[in-house]
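So you can see what is in the structure, the chains are spelled out below.
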Amino acid sequence: MPINYYLFLSLALFTIGMVGVLTRRNAIIIFMCIELMLNAVNLLLVAFSKMHYQAAFEAGQVAGQAGVDGQLFVFFIMVVAAAEVSVGLAIIVMMYRNVHSVDINFLNRLKH
Amino acid sequence: MNALLVSALWGVIMMFSGVAIKRMNVVRYVAMAGVAILIGLNVAEMKGWHLLAIDTTGMLAFDHYALLFNSTLLLAVFIYLVLSGSAMERIGAHCADYLALLFFIICGLLMVSAFESLLILFLGIEIITIPLYILTGSDKKNLKSNEASLKYFLLGAFSSGILLMGIALIYGARGSFALSGVADTIRVSNSLMLSGMLLLLIAMSFKVSAAPFHFWTPDVYDGAPTVFTSFMATVVKVAVFAAFVRLFDRSFALQINAWQAWVAALAALTLFMGNITAVFQQSVKRMLSYSSIAQAGFMLLAVFAMNTTAKEGLLLYAATYSLATIGIFAVLIRMKDYSFEAFNGLASRYPWVAAALTIFFLSLAGIPLTGGFLAKFYMIKAALEQSVWLVLFSLVMAAVSVFYYFRVIQAMYFKPVGQTDPITFDPGFTRLLIGVAVLLIVLGLFPQLLIGQLYF
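Protein sequence lines, in the order shown, are assigned to chains L and E.
Here the working numbering is used: the first residue of the first sequence is 1, the next is one more, and so on.
Here the working numbering is used: the first residue of the second sequence is 1, the next is one more, and so on.
Hints are supplied without guarantee of correctness; some may be wrong.
[Stated by the list, open to error] Covered stretches of chain L (chain E as the covering partner; in silico rule of three or more C-beta atoms under 8 Å from a C-beta of chain E):
(1) 21 to 31
(2) 39 to 49
(3) 75 to 88
(4) 92 to 106
[Unchecked claim] A partial selection of chain L residues facing chain E, derived with a Cβ cut-off under 10 Å:
(5) I3
(6) L7
(7) S10
(8) A12
(9) F14
(10) G17
(11) M18
(12) I34
(13) L36
(14) H52
(15) A56
(16) E58
(17) D69
(18) G70
[Stated by the list, open to error] Some residues of chain E that are not near chain L, with every Cβ distance over 12 Å (derived):
(19) I21
(20) L199
(21) G435
Because the hints were derived from the structure by calculation, they are not lab data.
The beta-carbon is built from N, C-alpha and C at its ideal position, and this holds for glycine as well.
Construct the complete structure from the given sequences, taking the supplied hints into account.
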């Protein structure tokens, strides 16, 4: 498949995530939308990794290492996303204990 | 590399010291010793001594500039711990954990000032911000702290997503994460590359709180416990700026025509929003958070100009801005309320503290003889080679900043003592504060003491 399909798919997922972050009011759903953005990036990185491998292969180079770093990056993103989830959910739980809601419209105490 | 390894190790030591040591001030001394060791190791690396021979080619490059920047940062962290470390004990019972997180943040700071690959940039920024989310919300029963933490987390993760998308698009265009690979001179910069660069610019603006992506900063800085605001607004901010300059200098120098105008607009807008909004604040803590946005506008001039003067200037700016702001926050932490009125008549009761504070504010405003003046001078000199109008605008904005900084000085010297509850400063603290103020003056008179280190 041409790389454009992957590019458009992951940009569409990324945009859905971004619009979700900007419009939704529930902290958990915003959080899910951020994860969607990260996973769109993962998909794109894997697609580009394959593309660079293919390009090196067709150019007749020794293609063994080409594009590997893109897949490596995906693992790092997954690990960091997991760390972020654990901290983020802890923060949301802390908030819920104090105000019994996860609606971000409650976040207006700091406006002066 | 020395300091990076030991900072991660010392974070673990701090976690265990919380279990092993019952007295909290002893835990604090362990942390101070840790930072002192980090400074020693970093200076030793500048002299060419390595703890372990690790090959980090293509990932991290601790060149002379990065090492000197790291030494400056670590010195600022040491001064921060000595001046304000005791306030951590008042937030909660987990002082050792906060210090452990602090060491992990230091680990990230050392990474972002020396990265050589976009992967390390991403990891470094995440290592800095994830512990900061926790520290922001460390005052668990305080709703303001909760709210600041959630806001910081949601926006921080959102901007990380944008950063990653930028990196992915650049990887698509270049097939490499290394800065040298991204700065490929043979291949043309196609739309994939340019849009990736734009996304990186937006994400980095989020992280350094440049307008129009600054709106989270005042809320987060205001809601976080003041000790940690002090850390976030100073050391963390200047380290991310070093990353910003390094990224655009190393990898996007060829496309300078595509991004320079955007950075100029960001700098002008940041200077405007930061300074004008700071004028209307009623709380000194909130004023300082807007002031940090305004100072970020000045540091953006270094990204805009992108020449040797700008890099020297950024080093000096990092040192003087961090020292002055850490000093002001150290006094603010000891106050009961953060309004301007709380400073009324401070000079009659504590003349030395007031004198030191005056020097800090003069330095932030950029008055000659203080370090802040020369830092601003270097920035303006660097930007003057590119654009006269931006420089003129930044000078006007620096004049506006004098207004709100001098409000505090005026309150200290010319207002009668109010009925507010008495504040106490012990003599040791006062001496340290004067020491920091003297350091700022010395930097203002002999900037070569710091910048000259770059050329040995």
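Taking the hints in turn, this is what the structure says about them:
Interface restraint, the stretch 21 to 31 of chain L with chain E: holds (4 residues with C-beta to C-beta distance below 8 Å; minimum three). Coverage of the stretch 39 to 49 of chain L by chain E holds in this model, with 5 residues showing a Cβ closer than 8 Å to a Cβ of that chain against a need of three. Counting residues of the stretch 75 to 88 of chain L whose C-beta sits closer than 8 Å to any C-beta of chain E gives 7, which meets the bar of three, so the coverage hint holds. For the stretch 92 to 106 of chain L, the stated coverage by chain E holds: 7 residues have a C-beta nearer than 8 Å to a C-beta of that chain, and at least 3 were required.
About 8 Å separates the beta-carbon of L/I3 from the nearest beta-carbon of chain E, less than 10 Å, and the hint is met. The beta carbon of L/L7 is positioned within 10 Å of a beta carbon in chain E (closest approach about 8 Å), and the interface hint is therefore held. For the restraint placing L/S10 at the interface with chain E, the shortest Cβ-Cβ distance is roughly 8 Å, inside the 10 Å limit, so the hint holds. The restraint placing L/A12 at the interface with chain E is violated, with a minimum CB-CB distance near 12 Å, outside the 10 Å limit.
With a cut of 10 Å, the hint placing L/F14 at the interface with chain E holds, because the nearest CB-to-CB distance is about 6 Å. A least Cβ separation of about 7 Å between L/G17 and chain E falls short of the 10 Å threshold, and the interface hint therefore holds. A hinted interface residue such as L/M18 counts as satisfied when its beta carbon comes closer than 10 Å to some beta carbon of chain E; here the least separation is about 8 Å, so the hint holds. Checking L/I34 against chain E: minimum C-beta separation of about 5 Å stays under 10 Å; hint holds.
Hint status for L/L36 relative to chain E: holds, with the closest Cβ pair at about 9 Å, below 10 Å. Here the hint on L/H52 is kept, as its CB sits about 4 Å from the closest CB of chain E, short of 10 Å. Using the Cβ-Cβ criterion of 10 Å, the hint placing L/A56 at the interface with chain E is satisfied: the shortest such distance is roughly 8 Å. Interface restraint check: L/E58 against chain E, minimum CB-CB distance 14 Å, threshold 10 Å, status violated.
Interface restraint check for L/D69: the shortest CB-CB distance to chain E comes to about 6 Å, inside 10 Å, so the restraint holds. Hint on L/G70 holds. Least Cβ distance to chain E is approximately 6 Å, under the 10 Å limit. No Cβ of chain L comes within 12 Å of the Cβ of E/I21; the nearest lies about 26 Å off, and the non-interface call holds. For E/L199, the shortest C-beta to C-beta distance to chain L comes to about 10 Å, within the 12 Å cut-off, and the non-interface label is violated.
With a least beta-carbon separation of about 34 Å from chain L, E/G435 lies farther than 12 Å from that chain, consistent with its non-interface assignment.
Hint violations for this structure: numbers 8, 16, 20, all remaining hints satisfied.
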